[in-house]
Amino acid sequence: MNYKMILVLTAIALLAGSAAARSTPSPSEPWEVAVRAVVATAKLKPTNKTLSSATGTALLVIPRMDKSKTMIVNITLKGALTNVTMAHIHLKNASAGYPIVMFLQPRLNYSARPALLDPPISFKGTYTFSSSYDMDNILNVTPGWTLDRFMSMLGDGLLFFNVHTTSQPAGAVQGSFVCPYSCMWPVCSMPGGGSC
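The sequence shown runs 1 to 196 under UniProt numbering.
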């Protein structure tokens, strides 16, 4: 099975789990939402190999907003990290101080101020976590942003995932998001004239 197929199947599984967890029924079936989703991945690598050996992946699934308003981020870290304090999606903009676009750990929905995990998390082996968001979460953290701007930044390779630790407050593990296919929702038709 190739890498792209694994990403698509993972996206379908994540969206199916998210749809099952909602208390209100969705107008779309989970597979239907996943088919219409943009999937972006980040290969996570240590920023300083003498201080960290951790690697991993970040998976960002963004459905078409007419099918679901929920974005999902799934993170898998492998190796070891001591005293993880925060994890975010940042904008690559050095002059603006690499601003946070999405809080992942700790989960802060409507705050523009970063906070630390208390207590910090340490792991050896595999550590995974996931979060789901809607556009309001991003707009409250990054005023003036729209979904179009977010997608444009994603397509331009300007969003990256960053894990912060006490010994590496600027980031211990990072990776830039890329879309294996396209950072645009698919426009297609299905057999029988139905649209995707």
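Derived from the structure by calculation, the hints contain no laboratory data.
A hint or two may mislead.
[Said to hold, decoys possible] Below, in silico cross-link-like pairs of lysine-lysine (BS3-like), each with a Cα-Cα straight-line distance of 25 Å or less:
id : residue 1 : residue 2
1  : K49       : K78
2  : K45       : K92
3  : K92       : K124
4  : K45       : K69
5  : K49       : K124
6  : K43       : K124
7  : K45       : K67
8  : K124      : K67
9  : K69       : K124
Here the structure is a predicted model, which means the values were calculated and not measured.
To see whether the hints hold, each was checked on the structure:
In summary, the hint linking K49 to K78 is supported, as the alpha carbons are separated by about 14 Å, within the 25 Å threshold. Note on K45 and K92: the hinted pairing holds, with a Cα-Cα distance of about 16 Å set against a maximum of 25 Å. Between K92 and K124 the CA atoms are separated by roughly 29 Å; this puts the pair beyond 25 Å, and the hint is violated. Using a Cα cut-off of 25 Å, the hinted pair K45 and K69 is violated, with the two alpha carbons roughly 30 Å apart.
For the hint pairing K49 with K124, the CA-to-CA distance comes to about 16 Å; that is within 25 Å, so the pair holds. With a C-alpha separation of about 19 Å, the suggested pair K43 and K124 falls inside the 25 Å cut-off, and the hint holds. Only pairs whose Cα atoms come within 25 Å are accepted, and K45 paired with K67 is rejected, the gap being roughly 33 Å. For the suggested pair K124 and K67, the alpha carbons sit about 38 Å apart, so the restraint of at most 25 Å is broken.
Between the alpha carbons of K69 and K124 the distance comes to roughly 35 Å, so the proposed pair goes past 25 Å and is violated.
In summary, the numbered hints that this structure violates are 3, 4, 7, 8 and 9.
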